[in-house]
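Based on the sequences and whatever the hints tell you, model everything.
First to last, the protein sequences are chains A and B.
If you're matching positions, the first sequence starts at 7 in the numbering used here and goes up one per residue.
If you're matching positions, the second sequence starts at 73 in the numbering used here and goes up one per residue.
Please note that the accuracy of each hint is not assured.
Ranges of calculated distance between the beta carbons of each label pair, as one might list FRET restraints [stated by the list, open to error]: (1) B:G202 with A:A186: 27 to 35 Å; (2) B:I101 with A:H243: 54 to 62 Å; (3) A:I62 with B:R179: 43 to 51 Å; (4) B:D115 with A:V378: 51 to 59 Å; (5) A:I322 with B:G202: 36 to 44 Å; (6) A:N282 with B:S184: 39 to 47 Å.
Here are the simulated DSS-like pairs of lysine-lysine, each with C-alpha atoms no more than 25 Å apart in a straight line [to be verified]: (7) B:K217 with B:K255; (8) A:K234 with B:K320; (9) B:K102 with B:K217; (10) B:K108 with B:K303; (11) B:K253 with B:K102; (12) A:K237 with B:K321; (13) B:K108 with A:K234; (14) A:K333 with A:K233; (15) A:K333 with A:K234; (16) B:K303 with B:K113; (17) B:K253 with B:K217; (18) B:K113 with A:K237.
In short, the hints are calculated from the structure, not lab data.
Idealized CB from N, CA, C, for every residue including glycine.
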Amino acid sequence: MSEQEYVPKSKAGKWFNDRLPLLSLASHLTDYPTPKNLNYWWTFGGILTFCLLTQIITGIVLAMHYVAHADLAFASVEHIMRDVNYGWLIRYIHSNGASMFFLAVYIHIFRSLFYGSYKSPREIIWILGLMIYLLMMAAAFMGYVLPWGQMSFWGATVITNLFSAIPLVGDSITTWLWGAYSVDNPTLTRFFSLHYLIPFLILGLVVLHIWALHVPGNNNPVGIDIKKPSKDTVPFHPYITIKDTFALLLFMIIFAGFVFFAPNVLGHSDNYIQANPMVTPAHIVPEWYLLPFYAILRSVPDKLGGVILMFGAIFILFVLPWLDTSKVRSAVFRPIYRQFFWILILDVLVLGYVGAMPAEGIYLVLARVGTVYYFLHFLVILPVVGYLEKTEPVPLSISEPVLSGSADYSIAKKDNEKI
Amino acid sequence: MKKFKLFFCILLSLTIFNTLKSAEQIDPIKVDWSFKGLLGKFDRASLQRGYQVYNEVCASCHSMQYLSYRNLGEPGGPEFSEEEVKAIAAGFEVTDGPDAQGEMFTRPGRPSDKFVSPYPNVNAAAAANGGAYPPDMSVLVKARKGGANYIYSVLVGYEDPPTGVTLDEGVYYNKYMIGNKIKMPNNLSDGLVDYADGTEATVDQMAKDVTTFLSWAAEPELESRHKTGVKVILYLVLLSILVFLSMKKIWSRVNPEV
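Rendered as structure tokens:
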């Protein structure tokens, strides 16, 4: 994909590269022509990679000390917090890291929604991203069960019970998932095993996600196709790497703020009570990042209906590239869609809020309105707006809207080689 | 299907129940704890007094199974001297074994031992306390909404039940307790313990001291966490300034506006 074939300078390098073109790959990644107008919303891809690696590394260390057993799990977490050197730091990075991961992925997803990054020719990137998101939710849910606190146990009970809504075989499936007749030790051990597996599946999908990205190249805030390389692009290194690093550092400051000064603020206090199948917590709530889906689930009085809607809310995103009929990608040039984008954000936030509240009275009404609107947005508003909307004129190149864009790619590249 | 409906009903009623209950409940008293804030530290003397209250009052019913006696001497905690920790540990009978003959035996505690629990198991603890298990206090502060403020408020929140409220035998009225009913009697009274450092043992003082002690027990890493946190964030801020300047320099070659 880079302009000219890369040839290693040293003989050994050439010998190796002819057999396994790793150096060509590195060269491609370094030179990868990137739109020069990418804003800070585009830095979350790098931030997410950081989040994944952080979770994997801290998770591997935690697994050295954690005991996956119903009688010992809670105590082993306390052992990590008290007796393992810097165990508290590793565990708090891991538990808050999950929240930071979701914060970043939601920004990443909504960036894609705003700038139309899911549209042709990037549908596969979008679908791979959604698969990563699904696996993230599975990993986060199972990870939350591992400390075997009250919220772990009862959260697992509520979520696994969802599968019993499947007609005819639901109860058998639920029993099969549990490995017992209720959430118990076999459930914990299999969740631990899967929780260790999923991040590596995610890693594999991330490679495909980036591979698929490097075929058409990045979308950009203007949302137009650009010539690569051209004066509209810069080489990935050092222009994007330095910008990603800066954004990552700002992100890490917020991350550190949670880890060191409010490590439990995003969790639930009940999870510091050891799981007790005989005592139901007053108020079972999932972690904050799953609340909108929880609100959708509870907005339907019928169990099967609720489950279908909840999964539907995610799976509808898979067909999003075909639901959006607009030829223009970026919401910058779509005055009507832009309004609906912000209403959708508000809708999801409202759903998240009511997901944390008891499903009754005004909250239930809000949850129902929010759920209906969510589906309305994707099934009706997007296709219709795409046809009716009068979009604003789209520039022919990135340099056009950027007043001071003067240097071209080859100059930038030459400068790059000087340092 | 039926099973879930039942579950859903339980869930719904519990949430309703919870809101109704929380309607009666008042917010806990806000105390200006020394360990709050970015640079918060525990008050060493208060931790030591708090341990004394725990040991003389609470420990007869409440276990603290995740703490070891050595923790009492570690930095960031009550910081008893090595001799004091040894003496504290030696004051407890610890069951050990089996020995070479296969018999269990008791011996004086060592600093490496976990805190000795007052009851052999949860059922025994519940049976001895009118069916209510006195919760383990190792992480109690983290396990309650409101944390230290809530624990302190419950300790000083005992009062006579308002007219119209009847209480069963062995149930007490507490202004701050969730649901206002508590099975733990009001165990604190002025002058109950003799503080080694001469501080006057008022109910308020003891409640504050023991809450401080429990806060440390739940988060023994708090002081080093705060200290490390300040350093980490300062480092990240400085590094981001340097990276920001580098970024400006690099991008100036392409587009001075970025």
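Consistency of the hints with the structure:
The beta-carbon spacing between B:G202 and A:A186, approximately 33 Å, falls within the hinted interval of 27 to 35 Å. Evaluation of the 54 to 62 Å hint for B:I101 and A:H243 yields a pass: the beta carbon distance comes to about 57 Å. The given range of 43 to 51 Å is respected by A:I62 and B:R179, whose C-beta atoms sit roughly 44 Å from each other. Restraint check, B:D115 to A:V378: a C-beta distance of roughly 55 Å satisfies the suggested window 51 to 59 Å.
One distance hint, 36 to 44 Å for the beta-carbon pair A:I322 and B:G202, is violated here, with the actual separation near 54 Å. At about 29 Å, the beta-carbon gap between A:N282 and B:S184 misses the expected band of 39 to 47 Å. Distance restraint check for B:K217 and B:K255: the Cα-Cα separation of roughly 19 Å lies within the 25 Å cut-off, and the hinted pair is therefore satisfied. Among the hinted pairs, A:K234 with B:K320 is consistent with the structure: their alpha-carbon atoms are about 24 Å apart, no more than 25 Å.
With a C-alpha separation of about 13 Å, the suggested pair B:K102 and B:K217 falls inside the 25 Å cut-off, and the hint holds. Between B:K108 and B:K303, the direct Cα distance comes to roughly 18 Å. Compliance with the 25 Å bound is thereby established for this hinted pair. Using a Cα cut-off of 25 Å, the hinted pair B:K253 and B:K102 holds, with the two alpha carbons roughly 21 Å apart. For the suggested pair A:K237 and B:K321, the alpha carbons sit about 19 Å apart, so the restraint of at most 25 Å is met.
Distance restraint check for B:K108 and A:K234: the Cα-Cα separation of roughly 54 Å exceeds the 25 Å cut-off, and the hinted pair is therefore not satisfied. At roughly 19 Å between alpha-carbon atoms, A:K333 and A:K233 fall within 25 Å of each other, so this suggested pair holds. With a C-alpha separation of about 21 Å, the suggested pair A:K333 and A:K234 falls inside the 25 Å cut-off, and the hint holds. Proximity of B:K303 to B:K113 is assessed by CA-CA distance (about 16 Å); at most 25 Å being required, the pair is judged to hold.
Of the supplied pair hints, the one linking B:K253 and B:K217 holds, its CA atoms being roughly 17 Å apart against a limit of 25 Å. Proposed proximity of B:K113 and A:K237 is contradicted: the alpha carbons are some 56 Å apart, above 25 Å.
The structure is inconsistent with the numbered hints 5, 6, 13, 18, although it conforms to all the rest.
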